[in-house]
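Number of protein chains: 2
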Amino acid sequence: MKIINANDMKKSITDKGMIDSIEEAFFVYAERNFTMPERLAVKHQEDTMLYMPCITSGSIGTKVLSLIPQNPERGKPLIDGLMILNSREDGTPVALMDGQLLTAMRTGAVGGHAVRHLAYQDSQSIGLIGCGVQGLYQVKYACSERNIKTVYLYNASKKDLTSYIEKIRLETGNPSLKCVICSSARETALNSDIIITATTSKEPVLPNDPDLFQGKCIVAVGSWRPDMREIPEAVWQAADTVYTELPYACEETGDLAQPLKSGALKEHQVRYMAGYLQDIKDGNGEALGSTRFYKSVGMSLFDLVVATNIYRSAEEKGLGTDISW
Amino acid sequence: MKIINANDMKKSITDKGMIDSIEEAFFVYAERNFTMPERLAVKHQEDTMLYMPCITSGSIGTKVLSLIPQNPERGKPLIDGLMILNSREDGTPVALMDGQLLTAMRTGAVGGHAVRHLAYQDSQSIGLIGCGVQGLYQVKYACSERNIKTVYLYNASKKDLTSYIEKIRLETGNPSLKCVICSSARETALNSDIIITATTSKEPVLPNDPDLFQGKCIVAVGSWRPDMREIPEAVWQAADTVYTELPYACEETGDLAQPLKSGALKEHQVRYMAGYLQDIKDGNGEALGSTRFYKSVGMSLFDLVVATNIYRSAEEKGLGTDISW
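Chains as they are written, first to last, in my numbering: chain A, 1 to 325; chain B, 1 to 325.
So that you can see chain A by itself, here it is in the shape it has in the complex (with noise of 0.2 Å):
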């Protein structure tokens, strides 16, 4: 068995290869042929383990997580855990990383592949809303989309973000990257061509004014649960069609769930990315709005491709610790 840990992990695999990975994972998803339950949640206390299982016809993994409400008060990550993947063939496990830096890096690459679709071509600027660990990965695989001259960041609390621009110049691999700390969600968005949210917020955290978004690429990753939700509703009205990943995102997720109850968004809008890349692949691609919006909820299929390409990337670069099991 391999043990693939973090810094193997980003050295296995190139920001391309993640999307590629991402692109890879739409089309095993138009296939059908994959079986992915929904996630089962073990809570105890106030404690929970997350289990992501997903097996195609080419690979079985599961991401183990877990989710320790007390942690960041401690200076601990809240969500932490491993990404197992077996053989296929006989069942075996054969490779194990780290679980919360793959949900990061698939997480990202799966708005840097939004970007590399939906974002206009000359798109020069970032605006990051959430300066997290999410966040930071959104930067990194939207730069390796476009030629990115300035990242516009703008946290709610209003934390020092002096490491964390180290951390995206280094993650970039572009030291002289500039990054302009704003004062609010709006001046990050009117400066922006490539809007991301990756917050926890229950309420928009971008002002409710359509001409802020005319015109750009909005990404938002950060809603999860149907009571979370990042984006105003006037984002519908600058932008006709929303793409995302899966009919259950529809439910999962407070962005769409809400506003499709609300009726601000119907279900005629809503576009399914597989979909998308098929018609692209059968010449049969479509025109997009001017504004384009992408929400995405994540799903193990995800990770399973991801963690996948990670492993053959390891194995032919020699990365990773082989251990007698």
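Hint data in this document are derived by calculation from the structure and do not stem from the laboratory. Glycine is no exception: its CB is placed at the ideal position from the N, C-alpha and C atoms. Just to be clear, a hint being listed does not mean it is correct.
[Stated by the list, open to error] Simulated crosslink set (DSS-like; lysine-lysine; CA at most 27 Å straight-line): (1) 16(A) / 2(A); (2) 11(B) / 43(B); (3) 16(A) / 76(A); (4) 11(B) / 317(A); (5) 2(B) / 2(A); (6) 43(A) / 281(B); (7) 76(B) / 43(B); (8) 167(A) / 10(A); (9) 2(B) / 11(A); (10) 2(B) / 10(A); (11) 167(A) / 317(A); (12) 178(B) / 11(B); (13) 10(A) / 76(A); (14) 159(B) / 149(B); (15) 202(B) / 2(A); (16) 317(B) / 167(B); (17) 2(A) / 43(B); (18) 11(B) / 2(A); (19) 158(B) / 11(B); (20) 317(B) / 2(A); (21) 202(B) / 266(B); (22) 43(A) / 43(B); (23) 317(A) / 2(A); (24) 2(B) / 76(A); (25) 10(B) / 202(B); (26) 2(A) / 76(B); (27) 202(A) / 261(A); (28) 202(A) / 76(A); (29) 16(B) / 317(B); (30) 159(A) / 178(A).
[Unchecked claim] What follows is a list of derived Cβ distance ranges for each label pair: (31) 27(A) / 169(B): 47 to 57 Å; (32) 275(B) / 167(A): 49 to 59 Å; (33) 282(A) / 322(B): 28 to 38 Å.
Please build the complex by placing chain B on the supplied structure of chain A, with the hints as guidance.
Using the frame of chain A, we list chain B on its own:
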């Protein structure tokens, strides 16, 4: 994170320590302070992944098993997998061990625990029906609780048992243990003070003759589905009571579900081990009938408590491999 492979698992804990762990698990069960959902089975094509999580006030653990029906014909084990332990404090993964061996060891120790409490002190012989991995570990732990002189063996398919007998002598640490291959299940049962069944049979593997069981201790571990059965109805004529783990066992195993349905076994005859142990602790121990029958279906709480103790012992003894994570 510590990787504890099969060799290190065996070195870390004594046979008595394993059986003590099972007893500890029954007391945790009695306290009801745990979360143990039904195991999750995820099937794709013919293959299945099984997830068995459990959380107590002291530990978090998950057994992840693969079940690949084509494996046996390729000379590989049907079931493989691993056990993950997470820190109860902050959720980080702390240990990983061989899930296949853990299953065999803990199932063996559950049988050994039944022998500790239910077998006559002067029991000198074991009859094993079903000479597979599970049977091997049943004999190992039964031998640690009684002064066993002879093991009688019967396997329905007439395979060569030479190397199996070597394994029994190795696992019990008794190179001169007498092992006798029998030509029938009847002969095996007739000669043995303790009868153990560890098969995958769908029909009773013992003759339907109450005289064969009178005054003996019977431990059945094979039937884990309602359509599987090892025990004939005659056992209910010989034994007043069946000892087992938890109410769910009455539904899960054909050995209990079928006679409860036919009326051969009445609900009041089912006794849960946790309650039995608590009564002993409280000084209210009951008189055992002359024939004692234990039926095990297992539970993930056993895996969790056993794995936690293996991990602690490995820490103390410096066993396992610490990996940078």
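Do the hints match the structure? See the list:
1. Our distance criterion of 27 Å between C-alpha atoms is met by residue 16(A) and residue 2(A), whose separation comes to about 24 Å.
2. Proposed proximity of residue 11(B) and residue 43(B) is contradicted: the alpha carbons are some 35 Å apart, above 27 Å.
3. For the hint linking residue 16(A) to residue 76(A), the alpha-carbon distance of about 30 Å lies beyond 27 Å, and the restraint is violated.
4. For a cut-off of 27 Å, the pair hint linking residue 11(B) to residue 317(A) is broken: about 35 Å separates their Cα positions.
5. This hinted pair checks out: residue 2(B) and residue 2(A) have alpha carbons roughly 14 Å apart, not beyond 27 Å.
6. The hinted pair formed by residue 43(A) and residue 281(B) fails the criterion: a straight-line CA distance of about 31 Å is larger than 27 Å.
7. For the given pair, residue 76(B) sits about 19 Å from residue 43(B) by alpha-carbon distance, which is consistent with the 27 Å threshold.
8. With a C-alpha separation of about 14 Å, the suggested pair residue 167(A) and residue 10(A) falls inside the 27 Å cut-off, and the hint holds.
9. Distance restraint check for residue 2(B) and residue 11(A): the Cα-Cα separation of roughly 23 Å lies within the 27 Å cut-off, and the hinted pair is therefore satisfied.
10. Annotation: proposed proximity of residue 2(B) to residue 10(A) holds, straight-line Cα distance about 22 Å (limit 27 Å).
11. A threshold of 27 Å between alpha carbons decides the hint, and for residue 167(A) with residue 317(A) the separation of about 25 Å falls inside it, so the pair holds.
12. Between residue 178(B) and residue 11(B) the CA atoms are separated by roughly 25 Å; this keeps the pair inside 27 Å, and the hint holds.
13. Of the pairs offered as hints, the one joining residue 10(A) and residue 76(A) holds, with about 21 Å between alpha carbons and a cut-off of 27 Å not exceeded.
14. Restraint check: the Cα-Cα separation between residue 159(B) and residue 149(B) comes to about 24 Å, which is no more than 27 Å; the hinted pair holds.
15. Distance restraint check for residue 202(B) and residue 2(A): the Cα-Cα separation of roughly 39 Å exceeds the 27 Å cut-off, and the hinted pair is therefore not satisfied.
16. Pair hint residue 317(B) plus residue 167(B) holds up; C-alpha atoms about 25 Å apart against a cutoff of 27 Å.
17. Taking the CA atoms of residue 2(A) and residue 43(B), the gap is near 25 Å; set against the 27 Å cutoff, the hint holds.
18. With a CA separation close to 23 Å, the supplied pair residue 11(B) and residue 2(A) stays within the 27 Å bound.
19. For the hint pairing residue 158(B) with residue 11(B), the CA-to-CA distance comes to about 33 Å; that exceeds 27 Å, so the pair is violated.
20. Between the alpha carbons of residue 317(B) and residue 2(A) the distance comes to roughly 25 Å, so the proposed pair stays at or under 27 Å and holds.
21. Between residue 202(B) and residue 266(B) the alpha-carbon distance is near 22 Å, which keeps this suggested pair within the 27 Å criterion.
22. For a cut-off of 27 Å, the pair hint linking residue 43(A) to residue 43(B) stands: about 24 Å separates their Cα positions.
23. Distance restraint check for residue 317(A) and residue 2(A): the Cα-Cα separation of roughly 13 Å lies within the 27 Å cut-off, and the hinted pair is therefore satisfied.
24. At most 27 Å may separate the alpha-carbon atoms for a hinted pair to count; residue 2(B) and residue 76(A) meet this at roughly 20 Å.
25. Taken as a hint, the residue 10(B) and residue 202(B) pair is broken in the structure, with Cα atoms around 32 Å apart against an allowance of 27 Å.
26. Taken as a hint, the residue 2(A) and residue 76(B) pair is honoured in the structure, with Cα atoms around 20 Å apart against an allowance of 27 Å.
27. Distance hint between residue 202(A) and residue 261(A) is fulfilled; the C-alpha atoms sit about 16 Å from each other, no more than 27 Å.
28. The suggested pairing of residue 202(A) with residue 76(A) holds, with an alpha-carbon distance near 23 Å, which does not exceed 27 Å.
29. For the suggested pair residue 16(B) and residue 317(B), the alpha carbons sit about 17 Å apart, so the restraint of at most 27 Å is met.
30. At most 27 Å may separate the alpha-carbon atoms for a hinted pair to count; residue 159(A) and residue 178(A) meet this at roughly 19 Å.
31. For the pair residue 27(A) and residue 169(B), the beta carbons lie near 55 Å from each other, so the given range of 47 to 57 Å is met.
32. Taken as a hint, the range 49 to 59 Å holds for the pair residue 275(B) and residue 167(A), whose Cβ atoms sit roughly 56 Å apart.
33. Take residue 282(A) and residue 322(B): their Cβ atoms lie about 52 Å apart, and the range 28 to 38 Å is violated.
When held up to the earlier numbered hints, the structure conflicts with 2, 3, 4, 6, 15, 19, 25, 33 and fits the remainder.
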